[in-house]
Amino acid sequence: AQSVTQPDIHITVSEGASLELRCNYSYGATPYLFWYVQSPGQGLQLLLKYFSGDTLVQGIKGFEAEFKRSQSSFNLRKPSVHWSDAAEYFCAVGERSNDYKLSFGAGTTVTVRA
Amino acid sequence: GAVVSQHPSRVICKSGTSVKIECRSLDFQATTMFWYRQFPKQSLMLMATSNEGSKATYEQGVEKDKFLINHASLTLSTLTVTSAHPEDSSFYICSAREASGQETQYFGPGTRLLVL
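Residue numbers (my numbering), protein chains in the order written: chain A, 1 to 114; chain B, 1 to 116.
For reference, chain B alone in the conformation it holds in the complex (with noise of 0.2 angstroms):
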């Protein structure tokens, strides 16, 4: 149980452009998503908390225009990288918290974006 998928796993686009990755909790609900960032040989930086059916919670430093969520459903979170730059090359990686049990976080596997 408790498994996270993330879609796609590998992702390479033109500078400019608008790249979406998929968060799905496959087998629970989950009422609260989280996206991080890790560079490379680092750990994991939270950019966002998503809430189902509401506004999501940007870190300090994230600019929320540049990286757009929406959290439509119980078991699906977007992260829509808009106007990408190389800079923005990264692993960004989600996670899904069950609805009745909000300590733990499930992660996904993680997609691979590459800006050129």
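With the rest of the complex left out, here is chain A (with noise of 0.2 angstroms):
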């Protein structure tokens, strides 16, 4: 069975700071990959996915995230935080055999400090 895994709860970074939010995944074919974002009380915005090609993808609102087939990680990036980047941070897995059903990590919570 698939599963996610985004060991850091809670993420504090300084605006202007970078930011790295950690994914691993647990799976047995290739995974289709995603990044989603909500803000409090809203639904959930695809900042970025990855299917195949080029392992590095970039998304929306300056975000980036590496497959590293290796590691079974699909970490994301922000070179420099705004504080409107505050909000939860969740990670996902699909699968084609398993109709792209969405599992999703516990989440990760990202404070911006002034």
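These aren't lab readings, by the way, just hints derived from the structure by calculation.
Treat the hints with care, since some could be wrong.
[Claimed, not checked] Dumping the calculated BS3-like pairs for lysine-lysine here, alpha-carbon to alpha-carbon at most 30 angstroms:
1) Lys101/A to Lys41/B
2) Lys41/B to Lys61/A
3) Lys61/A to Lys49/A
4) Lys41/B to Lys64/B
[Claimed, not checked] Far from chain A by the CB rule (all over 12 angstroms, computed), these chain B residues:
5) Ile12
6) Gly61
7) Phe67
Values in this document were obtained by computation on a predicted structure and should not be read as measured data.
The beta carbon of each residue, even a glycine, is placed where N, CA and C say it ideally should be.
Hints in hand, dock the two standalone chains.
Structural data, given as structure tokens:
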């Protein structure tokens, strides 16, 4: 069964500093990987996704993520965070054989301090 | 593009009543819609998969008679929480998948349900 681990429950970062959110997955086949962001009381917005090809993917709002098959990881990064990046971030994994149903990590809460 | 709406955004109801939540894809056709439940400070748990014109598929542990799902058209799915109880209070989120690109789900803004 597929599983997704986000080791960091809460990260605090200063505005302007870099941010990296970790995501590890357990999967038998080639996964379809996603990062979503959720603001309080809101739905999820897709930041970026990886299916195949270049392992470094660019997303919206200045985010990028790198797929590393050897480490079963798909970490999310942003070089310089803005106060508006404070939110909950979810890593998700889908698989073709499971009709692309998503399994979500527990989420990482990002707090941005001035 | 790829906008999903939900209605209502918040609902408060009395215990024992039923509540209907709508999920609409506004600018694309969605052959498949998903319903999730999210408890405070927790991740999303898939409840069921809704395919247009057919019966929904429920995840293990989800009561199909409790959570009725109808996907009557390519742009609308509804979730009805029947005989709601306080333990059904939660944040319910739907997502929709475009017919032509099945990998990516687009999420609605969620519905906050409070059962008194």
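Against the structure, the hints:
no.: 1; hint: Lys101/A to Lys41/B; in the structure: 22 angstroms, holds
no.: 2; hint: Lys41/B to Lys61/A; in the structure: 24 angstroms, holds
no.: 3; hint: Lys61/A to Lys49/A; in the structure: 14 angstroms, holds
no.: 4; hint: Lys41/B to Lys64/B; in the structure: 25 angstroms, holds
no.: 5; hint: Ile12; in the structure: 15 angstroms, holds
no.: 6; hint: Gly61; in the structure: 15 angstroms, holds
no.: 7; hint: Phe67; in the structure: 17 angstroms, holds
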